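Chains as they are written, first to last, in my numbering: chain A, 1 to 468; chain B, 1 to 468.
No wet-lab data here; the hints were simulated from the structure. On a predicted model such as this, the values are computed, not experimentally measured, just so you know. Yeah, the Cβ is synthetic: ideal placement off N, Cα and C, and Gly gets one too. Do not take every clue at face value.
[To be verified] If you want a taste of the chain A side facing chain B, the calculated C-beta under 7 Å gives, among others:
| # | residue |
| --- | --- |
| 1 | Lys181 |
| 2 | Val183 |
| 3 | Val186 |
| 4 | Val187 |
| 5 | Tyr189 |
| 6 | Leu194 |
| 7 | Gly197 |
| 8 | Gly272 |
| 9 | Ser284 |
| 10 | Asn377 |
| 11 | Ser438 |
| 12 | Glu439 |
| 13 | Met443 |
| 14 | Val446 |
[Said to hold, decoys possible] Some chain B residues flagged as far from chain A (calculated, every beta-carbon gap over 10 Å):
| # | residue |
| --- | --- |
| 15 | Lys286 |
| 16 | Asp296 |
| 17 | Lys331 |
| 18 | Ala448 |
2 protein chains.
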Amino acid sequence: LIATGFLERVVDIVGGPFVLQDAAAVAPYGADALKQPHAPDLVALPGSTQEISSLATLCDELRVPMVVRGAGTGYTGGAVPIRGGIVLSLERLNQILEIDPVNLLARVQPNVITGQLQDAVERVGLFYPPDPASLQQSSIGGNVAECAGGPRAFKYGTTKRYVLALEAVLPTGEIVHTGSKAVKNVVGYDLTQLLVGSEGTLAIITEIILRLVPKPPAQRTVRAAFSSIEAAVTAVTNLIQLRVVPAAIELVDQHSLDALRAHSGTSLAPEGAAAALIVEVDGSKKAADEELDLVDQACRAAGGVDVQRAVTDADRDAIWQLRRELSPALKRIASIKLNNDVVVPRGRVPQLFELVARLRQESRLPIACFGHAGDGNIHVNIMVPEAERARLDDAMNRARAAERQLFEGVVALEGSISGEHGIGFTKAPYLGLELSPSEIALMKRVKAAFDPHGILNPGKIFPDGQAG
Amino acid sequence: LIATGFLERVVDIVGGPFVLQDAAAVAPYGADALKQPHAPDLVALPGSTQEISSLATLCDELRVPMVVRGAGTGYTGGAVPIRGGIVLSLERLNQILEIDPVNLLARVQPNVITGQLQDAVERVGLFYPPDPASLQQSSIGGNVAECAGGPRAFKYGTTKRYVLALEAVLPTGEIVHTGSKAVKNVVGYDLTQLLVGSEGTLAIITEIILRLVPKPPAQRTVRAAFSSIEAAVTAVTNLIQLRVVPAAIELVDQHSLDALRAHSGTSLAPEGAAAALIVEVDGSKKAADEELDLVDQACRAAGGVDVQRAVTDADRDAIWQLRRELSPALKRIASIKLNNDVVVPRGRVPQLFELVARLRQESRLPIACFGHAGDGNIHVNIMVPEAERARLDDAMNRARAAERQLFEGVVALEGSISGEHGIGFTKAPYLGLELSPSEIALMKRVKAAFDPHGILNPGKIFPDGQAG
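Go ahead and model the full structure; you've got the sequences and the hints to work with.
Pasting the structure below:
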């Protein structure tokens with residue numbers, strides 16, 4: 001795959017200590033959270049935008065596949081070099097370059113860990129809202145490449161809302177800047193937003209300017225139990241009618257609640273509850289307290305029981321800690337888990353749950369759901385438990401069939417097959433369920449406008465694995 | 001320009017009554033608010049997406065320039081057919097198709113007037129925040145094409161934040177859909193955001209799905225006068241330190257205040273004040289009242305005087321009515337006015353005003369500024385008064401020179417030459433001040449991915465008037 005002399009030229013660019021080539025060293029750079037690894041031929045750890053530009057020019061000239069790697073926490077294989085080639089790990093680009101409290105912005109390198117950025121800006125009274133569950137592991141560059149979400153997206157939006165400007169290297173080696181430090185900018189096409197969520201297929205993001213907001217002075221959290229999914233969704237509708245815009249509205253189904261109880265000895269609702277809601281409001285102390293009352297009222301009016309308010313940080317942390325334990329709790333039941341992140345218009349969440357109930361029956365597999373009810377973005381975990389190990393192929397086929405039906409169902413509900421995780425290579429075969437041939441062809445032409453030789457993260461997003 | 005048989009084929013597609021060809025009929029379709037018109041050869045008023053698709057296929061085949069027209073309220077000539085050809089006026093596509101209070105969205109045709117959409121959604125307790133000054137005249141499709149802003153953008157963001165999905169016709173005739181009714185969608189590239197602000201050069205937007213939010217129950221407004229621009233900006237900084245996020249923060253300079261006084265007999269600050277701020281907060285009644293106190297405090301702490309609170313709708317309307325009178329007031333001084341909408345990082349607004357003071361002196365022309373201080377987005381009106389009519393060429397040269405220096409200055413301040421109005425053809429020569437040749441070349445390749453023959457709105461955005 002890799003032409004003679006390539007290694008030497010890579011070493012010339014980044015320096016010997018920053019090139020990995022033996023199998024044991026490169027193997028970890030072939031995997032992400034999906035756990036379907038493919039080792040790269042070579043790994044480079046560039047230390048600057050200029051080095052990345054030189055590497056891109058070289059790879060473009062020699063047609064070597066090039067895959068950019070952040071923290072490797074993606075669920076769809078976006079960072080996996082499935083066609084081999086070179087992985088560019090951005091781990092050395094991990095500095096917060098600037099936090100500007102006057103202009104409410106931060107300038108960062110891509111491999112800053114999102115949680116560390118949040119801590120740093122909160123220390124000066126600012127706030128970076130996007131909060132993917134992986135925030136203590138994932139990098140801000142990866143968050144931008146995937147357009148990461150999280151619970152607070154209901155009020156605050158996803159990563160895209162906070163990206164003002166990017167420095168990026170095109171696969172052909174040119175260094176470009178998109179956007180500016182100005183919060184409004186309509187000069188030419190919005191390439192910033194095009195790069196956000198492009199899954200490392202259009203350009204290599206080397207610097208990011210983020211918009212920040214003042215940190216809300218107070219947060220209040222409510223959790224409530226419901227006897228049906230419908231009742232929980234009614235509570236959300238009630239809230240909106242009361243004109244409350246919570247920071248987060250999380251929904252957890254019975255299967256997830258039970259798994260959490262088995263894992264942690266406690267759960268987010270009493271045994272037998274069909275659903276739990278976690279609602280967080282924020283703002284000034286007075287405003288948050290006022291909205292707390294309204295949330296309580298909205299939950300009770302929808303039949304919510306065991307309504308508990310968390311006002312202290314410790315009480316709030318306890319609730320959110322349990323929320324974050326959901327994924328590990330499900331892993332205890334089944335190490336193999338198709339972790340989907342479908343989205344439907346919010347009011348159609350009950351129909352999504354009806355579909356899941358049918359799939360559960362047909363597939364004879366446990367399916368546990370939780371997620372961002374305010375956004376209609378539900379993580380549907382189709383699990384293959386250890387008991388199925390004896391007939392694993394059959395179980396995997398049933399799981400895949402359920403997944404396809406899930407995707408077809410959300411598209412029929414005018415939703416989307418992915419709200420947060422992206423397409424990567426695992427969902428690429430399903431792109432045509434949501435997009436027409438004309439739309440896919442248009443996206444391929446956009447891809448070619450950035451990457452004429454198709455060297456950057458090949459085999460991702462597009463159903464036939466071909467960008468051109 | 002237009003091949004034999006073209007007219008007949010257009011008539012076949014949209015029907016005779018919906019084709020205009022005589023000079024008097026087509027002339028109004030050649031102008032927008034910039035008032036530098038160029039008449040089209042033909043105007044078609046298509047009644048459906050399918051008709052638009054057929055027209056595009058025809059124009060692409062015959063290489064006829066095609067310019068889409070909404071309400072014609074743009075300031076940069078975006079809707080002007082400077083190369084002739086056919087104007088597609090979307091005036092018949094003016095229906096609100098759906099307002100969905102459960103899923104918080106609206107589905108609309110492009111020529112719905114923005115203010116009418118706002119009224120319709122507010123009647124059911126919802127809110128569409130973007131509020132360009134032209135909202136009673138401009139169409140939502142034009143707002144999307146330009147990414148319109150307005151005072152409320154500080155808290156609520158510009159049009160782009162509310163566009164979930166689009167139906168659009170490519171210049172080659174294909175009908176595509178971008179995004180979905182789901183509020184989160186990371187399936188493939190974000191073509192929705194790419195089309196927002198693309199100034200009618202990439203595709204013809206035929207249907208729009210907008211995200212709505214619950215209508216804030218209460219609004220409160222403060223206006224305050226300051227003895228310097230710096231003091232007004234300090235008040236804004238104080239507000240942010242108090243963690244208040246107002247819906248709007250508008251700044252008006254002394255030149256604008258004086259013009260308003262001459263025009264309306266009253267103004268937004270007492271005579272001699274160097275600046276006025278209008279700050280609006282919203283939320284629950286309690287939260288709005290609480291923030292009203294903080295705004296008052298922030299203004300006084302910065303030396304604000306004549307601080308007036310508006311709590312009733314009538315008082316608020318009176319303030320905003322005066323704000324909207326600013327543009328007509330300036331027109332009284334000078335019918336020729338270079339109306340710029342530059343943006344700088346918010347904290348650099350005082351530096352922008354220093355630059356403007358220098359330009360005022362050098363150009364010997366009146367320059368009045370007002371705009372969205374929270375966003376650093378200031379409308380800088382370089383005026384050529386009637387007194388200069390005798391030496392108009394000289395005055396226009398001085399105005400153009402001042403404009404160029406303004407653009408160079410905002411780029412040096414890490415801002416942008418346009419925050420709301422777009423590039424059109426008036427600012428196209430200046431694109432290279434903000435974007436590098438690589439960046440412009442990349443945008444041209446994106447343009448070609450949508451419009452291979454360059455028939456859609458030719459001569460806009462790009463400095464050499466060439467997209468290919």
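> Under the criterion of a CB-CB separation shorter than 7 Å, is A:Lys181 in contact with chain B as hinted?
Replying inline: holds (4 Å)
>> Please check whether the beta-carbon of B:Lys331 is more than 10 Å away from every beta-carbon in chain A.
In response: Per Cβ check, B:Lys331 is outside 10 Å of chain A; nearest 24 Å; holds.
> Was the hint right that A:Asn377 lines chain B, CB cutoff 7 Å?
Replying inline: Holds, about 5 Å.
> Does A:Tyr189 pass the interface hint, meaning its C-beta sits closer than 7 Å to a C-beta of chain B?
Replying inline: holds (5 Å)
> Against chain B, with CB atoms and a cut of 7 Å, does the hint on A:Ser438 hold up?
Replying inline: holds (4 Å)
> Looking at B:Ala448 again, its CB stays over 10 Å from all of chain A?
Replying inline: B:Ala448 not clear of chain A: closest Cβ-Cβ about 7 Å, inside 10 Å.
> Should the label of B:Lys286 as a non-interface residue stand, given a Cβ cut-off of 10 Å to chain A?
Replying inline: violated (5 Å)
>> Would the non-interface assignment of B:Asp296 survive a Cβ cutoff of 10 Å against chain A?
In response: holds (15 Å)
>> Checking hints one by one. Is A:Leu194 an interface residue toward chain B, by the C-beta closer than 7 Å rule?
In response: At 5 Å from the nearest chain B Cβ, A:Leu194 passes the 7 Å test, so the hint holds.
>> A:Ser284 was flagged as interface toward chain B. Is the shortest Cβ-Cβ separation under 7 Å?
In response: holds (6 Å)
> Does A:Val187 meet its interface restraint, that is, does its C-beta lie within less than 7 Å of any C-beta in chain B?
Replying inline: Given a least distance of 5 Å, the restraint on A:Val187 holds.
>> Less than 7 Å between beta-carbons is the criterion; does A:Glu439 satisfy it with respect to chain B?
In response: It holds, given that the least Cβ distance between A:Glu439 and chain B is near 5 Å, below 7 Å.
Hints 8, 15 and 18 from the list above are not met by this structure, while the remaining hints are.
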